[in-house]
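K.L.:
Spelled out, the chains give:
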Amino acid sequence: MQYSAELIEHFRNPRNAGMMRDPDGVGESEYPDCMDLARVYLRVRAGQVVEARFQTYGCGPTIAASSAGTELATGRRLDELIELPLPRLVEAIGGLPDERRHAAEVVVAAIRAAARDALARLESRGEEGSCSTR
Amino acid sequence: MNRRVYLDHNASTPVHPDVVNAMLPYFEERFGNPSSVHGFGREARDAVEGAREQIAGFLRARADEIVFTSGGTESDNFAVKGVALAAGTGHVITSQIEHHAVLRSCQHLETLGFDVTYVPVDRNGMVNPDDVRRAIRADTVLVSIMHANSEVGTIEPIREIGQVTRERAVTFHVDGVQTFGKVPIDLEAFGIDLLSFSSHKVYGPKGVAGLYIRKGTRMISVQHGGDHERRRRAGTENVPAIVGFGQAVEVRARDMQAEAIRVTALRDRLWDGIRAAVPDVSLNGHPTERLPGTCNLCFRHVESESIVLGLDLKGIGVSAGSACTSGSVEPSYVLVAMGVPLEWSMGAVRCSLGRSTTSEDIDYVIESVEPLVAKLRSLSPAAV
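Chains as they are written, first to last, in my numbering: chain Z, 0 to 133; chain Y, 34 to 417.
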């Protein structure tokens, strides 16, 4: 398995793993062929992610991508995350073999979904650009 | 530095030191082409025929019934296509869990107009001989059933299936790549007409294998060229590898029985240790009719490749039950055929022990698996 040092590090020591209590946004994505599933939780203040966590079932690259994805998401605005480019996550884990590309795809989809969910919640509360009381 | 533990002997094995020593002279000193008439060729020819005699003796076959090939895959292709194409048309029976070399050869025959029946297996991965009997038709030209499955290790009822094929006068091919040199194979008692077997699964070199062809079996060649192997399989023989194969078989003849007992005990130690330490784990394959060193496990709520990667980082080499490590992301077709639910089969890992495996290795693996699986489960939403 030819994985980058960054990917291996994120797999060995995943950052931000586990559920989040009362998240401001939750997104999930599944790769149907192999059942890899990534779930991302976001804590948001003033339209910006202050904390991100993940739960993931999947292969090593998917776990690593989830870890790197939460680091990538933290500090970014929601409107930026709803269009998070796939190559940015692939770069964050030092690249992926072609047959593992789905690992980044499923995590990016989960992050985008979480950002959309957070924006939707903000809109439903009538709050533009501000949110969580935490 | 991590301990290094190799538990993938069903994939390949390290070459035995005696085998390496036997092979060495045939690279630089005795390098002739066995088909050459001069002395350089004759000494290479003598070496090839010597290895053939060693292997024939081990199988209690005639030397002229042993054909050398480049690998188990070629042997399987030769057997399946060679018999079927000699008949020209007709029906073939195989199982749903054969090696791809047999399955894809059968699928190729279907494109040529053959009918193929893929008999099912039960929850333990075992073929029912009655299913084979019921599948045989007037135009059945070949039954091809593996002796043991490489993924889960289940040993098939070859003796009973051979009785069926003998009763019905149908040629019987057995893929013995995973059993040759590990468990006894009785060609006569099992009614085997063709047997595929491989060198690198039994501490011989890669690049050489064999096909036993019972005298009188009707088949055609699938590799054409010179008159090698009595015009059955063209191509200059891989002399060093063949010599090594012969030596590996000599070593196996000496060590096989005791090794099977030792490795079975270690295999059971591994399963007992893991199931005591790790919840939600199951064993795949027949509980008793299983290869001595094969232990295929399903870990619920964890994905195969993440376990394989995690163990690899601890210096432990195992293989994934699903095909994810090979690039495909689908679950193992063997486990699917056995009816293993997807939520379990996606977490399948195969450990296959061998000659070098020690009890310390097994304990290290158990100690490594438990925290790894616990950590991976803590990441998974399904396990919450």
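Please note that the accuracy of each hint is not assured.
The calculated label-pair distances, taken between Cβ atoms and stated as ranges, are [to be verified]: (1) A4(Z) with R36(Y): 43 to 53 angstroms; (2) A4(Z) with G146(Y): 21 to 31 angstroms; (3) S45(Y) with D78(Z): 48 to 58 angstroms.
Each computed SDA-like pair below joins lysine to any residue, with the alpha-carbon atoms no more than 20 angstroms apart [unchecked claim]: (4) K347(Y) with G17(Z); (5) K408(Y) with G17(Z); (6) K408(Y) with E8(Z); (7) K408(Y) with L121(Z).
Computed far set for chain Y versus chain Z, every beta-carbon distance over 10 angstroms [unchecked claim]: (8) F91; (9) R199; (10) A202; (11) K239; (12) Q256; (13) N271; (14) R287; (15) A310; (16) D313; (17) D396.
Bear in mind the hints are in silico, worked out from the structure with no lab data behind them. Ideal Cβ positions, reconstructed from N, Cα and C, are used throughout, including at glycine.
K.L.:
Decide, hint by hint, whether the structure agrees.
P.N.:
Taking the hints in turn, this is what the structure says about them:
Restraint check, A4(Z) to R36(Y): a C-beta distance of roughly 22 angstroms breaks the suggested window 43 to 53 angstroms. A hinted range of 21 to 31 angstroms for the beta carbons of A4(Z) and G146(Y) is inconsistent with their spacing of about 53 angstroms. For the pair S45(Y) and D78(Z), the beta carbons lie near 53 angstroms from each other, so the given range of 48 to 58 angstroms is met. Note on K347(Y) and G17(Z): the hinted pairing is violated, with a Cα-Cα distance of about 24 angstroms set against a maximum of 20 angstroms.
With a CA separation close to 11 angstroms, the supplied pair K408(Y) and G17(Z) stays within the 20 angstroms bound. Between K408(Y) and E8(Z) the alpha-carbon distance is near 15 angstroms, which keeps this suggested pair within the 20 angstroms criterion. About 34 angstroms separates the Cα atoms of K408(Y) and L121(Z), which puts this hinted pair outside 20 angstroms; it is violated. For F91(Y), the requirement that its beta carbon stay farther than 10 angstroms from each beta carbon of chain Z is met, with the minimum near 37 angstroms.
For R199(Y), the condition that its CB be more than 10 angstroms from all CB atoms of chain Z holds, with the nearest at approximately 43 angstroms. Annotated as non-interface, A202(Y) keeps its C-beta farther than 10 angstroms from every C-beta of chain Z; the closest such distance is 44 angstroms. At the 10 angstroms boundary, the C-beta of K239(Y) stays outside the reach of chain Z, the nearest C-beta of that chain being 21 angstroms off. Distance check on Q256(Y): its Cβ is at least 31 angstroms (rounded) from any Cβ of chain Z, clearing the 10 angstroms threshold; non-interface status holds.
Listed as outside the interface, N271(Y) is consistent with that label: its C-beta sits roughly 30 angstroms from the nearest C-beta of chain Z, beyond the 10 angstroms cut-off. Chain Z leaves R287(Y) outside its interface by the beta-carbon criterion, the shortest separation being 37 angstroms against a cut-off of 10 angstroms. At roughly 21 angstroms from the closest C-beta of chain Z, the C-beta of A310(Y) stays outside 10 angstroms, upholding its exclusion from the interface. Annotated as non-interface, D313(Y) keeps its C-beta farther than 10 angstroms from every C-beta of chain Z; the closest such distance is 13 angstroms.
The claim that D396(Y) is not at the interface with chain Z holds, since no C-beta of that chain comes within 10 angstroms of its own (minimum 22 angstroms).
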